[in-house]
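Student: Generate coordinates for the entire structure from the input sequences, incorporating the hints supplied.
My numbering puts the sequence shown at residues 20 to 160.
Think of the hints as simulated: they come from the structure by calculation, not from any bench. Some hints here could point you the wrong way.
[To be verified] Straight-line alpha carbon distances no greater than 35 Å define the calculated DSBU-like cross-link-like pairs of lysine-lysine that follow:
1. Lys93 - Lys45
2. Lys45 - Lys80
3. Lys77 - Lys45
4. Lys93 - Lys80
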Amino acid sequence: MFPRFGLDVSRSSMCGWALWAAEACKPIMDLLHEEILSGPVLNLDETTVQVLKEPGRKTSKSYMWLARGGSPGKPGVLFHSSPSRSGEIAEELVRDFSGYLQADGYVGYNALGELMWAVWRTCTQGHGRAQGPDKETWHCS
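Tutor: See below:
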């Protein structure tokens, strides 16, 4: 868009603007995160994304995490980009959530520890249902 107006703006300048805008929006994002965690159900998932020329990384595979929750009538959605699929990211997103967590069967969610007792998980292949939150066996169909 800038070249149409005869402006030559470097990529590094535009990246700096994006980082500045993201930092300025952090208080709003923190409020959204708290709102998402206040609801009775939290949906959590992650997927791979390709990041081009990421500094200091040999691979371009990163992850986009999604957390959806809040008021049942007006749920919010939070996207979180990370170079890692570690369970630590799940812990960071879930924090002290109290309620039902819906997630797939990815082993990284085991990092949530005690919260896993309250989880109704769907299985990666088809949909699965637990026999209750106090059961250890998850059945997939």
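Student: What are the numbers of the hints the structure violates, in ascending order?
Tutor: As far as the earlier hints go, not one is violated by this structure.
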